[in-house]
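Novice: Line by line, the protein sequences give chains W and S. All residue numbers for the first sequence refer to the numbering used here, where the first residue is 1 and numbers rise by one. All residue numbers for the second sequence refer to the numbering used here, where the first residue is 1001 and numbers rise by one.
Calculated from the structure, these hints are not laboratory results. There could be a bad hint or two in this list.
Claimed, not checked - Simulated crosslink set (BS3-like; lysine-lysine; CA at most 30 angstroms straight-line):
1. K1137(S) to K1316(S)
2. K57(W) to K1218(S)
3. K1249(S) to K1148(S)
4. K1316(S) to K57(W)
5. K1249(S) to K1137(S)
6. K1148(S) to K1137(S)
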Amino acid sequence: MIEEAGFPVVQITTMPIVAQSVGIRRLVVGGGIPHPLGNPVLTPEEERIFRDQLVQKALDQLLTSPTGQVDGNTT
Amino acid sequence: MRVVYYVNQFFGGIGSEDRADAPLQVRPGAIGPAQALRVVEPRTEVVATVIAGDNWVNTDLGPRIDTITNTILSYAPDVVLAGPAFGAGRYGVAVGALVSELGRHGVVAVGAMDRNNPAVSIYRREAYLIDSGTSPKRMGDSVAAMWKLARALAQGEDIGDAETWGYIGRGYRVSVRHDQPGAVRVVNMLLRKLAGEPFASEIPWRESETFLQSPPLKDLRQATIVLVTDGGIVPCGNPDHIEGSMATKIVRYPLSVATCLDVNHGGYDVRFARENPYRVLPLDSLLRLQEAEMIGQVYPFWFTTAGNATPVERAKMFAQSVVDELNQIPGSVGVLLTST
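Turn these sequences into a full structure, and let the hints guide you.
Specialist: Here's what the structure looks like:
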């Protein structure tokens, strides 16, 4: 609905299948269901870099027309 | 008949959200809802209960469903039952994906969940899913309906319409014989309509939904980025009393109060986010990007709710209230939504 109102949305989620089922096409796969923007096994510094990179990757998607591809990560 | 039963960590008695990452394990015999099956049908042999944590399954869905499927196949079941998942999204996805995958292997499998579970729209065409409603009080009825349908499928019976069997319509039409031809039925229907009497169409109308995509931003450095989360990150004390489940509101807070954050969400293990709320609400990253002039500005408010068993209609209402505010922001606007 926010998209329909003219605002591009990018979602960071660890369950892309649900997001896709409601029509969200700008997606970045997060680091875990209870911590999409983090990963407790990393050191605080590594985790901060991980989060910065995910956010950067997500925002970059706002510059593109969605293709339906999911930008995943393997962390 | 040999039955294998699938449940999540909660109904398998392993633990709650704190054990949602529990990997696949198999217990001999009937655990949890599988015990209800033995009440329904005492002669049934539940050879094993297969249990997996919701986060474990959903974090790498395809391969994990393959692993569970192979484990179940090794028990050579006549029938597999999964759930009910009620309104739980992750459990629903696990049940839907598993029942669909077993079907592709030629195994009779039936799941159960509430018809508004987000997994329904993904799997209802492939999987037989009994409508369990949202309340576990009806567990026994759901298990009985699952068993009845699974047994009929295993015995090769013709499965009729969804309403009779209690499953969620799969979108296929089934031919049935009527006493009256269509012309008579449609005229009768029209007469009832003209008389203002209740009538029911024989073809349920599903509104098809299309999703319009908005154009991309041209330049992040000129844009305002708005942070929205359904992960329940709230100011300390949860001042607006946002509910942890079936939330009735989405609230915006000024970034200035983000110095003390808490987590209020009944649908996931919040320990990690309590330890560091930025793991759900990446405010620090956005502010660093703003500082580095990589983005125009971070909108000075964030929006938050707890996305947990949220009905679609309410989610649309939340979206509308966000849109109302976005419309007030001058210049180009992009939304970063984070979800647990």
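Novice: Next, verify each hint and record whether it holds.
Specialist: To see whether the hints hold, each was checked on the structure:
Among the hinted pairs, K1137(S) with K1316(S) is consistent with the structure: their alpha-carbon atoms are about 29 angstroms apart, no more than 30 angstroms. The suggested pairing of K57(W) with K1218(S) holds, with an alpha-carbon distance near 16 angstroms, which does not exceed 30 angstroms. Of the supplied pair hints, the one linking K1249(S) and K1148(S) is violated, its CA atoms being roughly 40 angstroms apart against a limit of 30 angstroms. Proximity of K1316(S) to K57(W) is assessed by CA-CA distance (about 27 angstroms); at most 30 angstroms being required, the pair is judged to hold.
Taking the CA atoms of K1249(S) and K1137(S), the gap is near 27 angstroms; set against the 30 angstroms cutoff, the hint holds. Among the hinted pairs, K1148(S) with K1137(S) is consistent with the structure: their alpha-carbon atoms are about 19 angstroms apart, no more than 30 angstroms.
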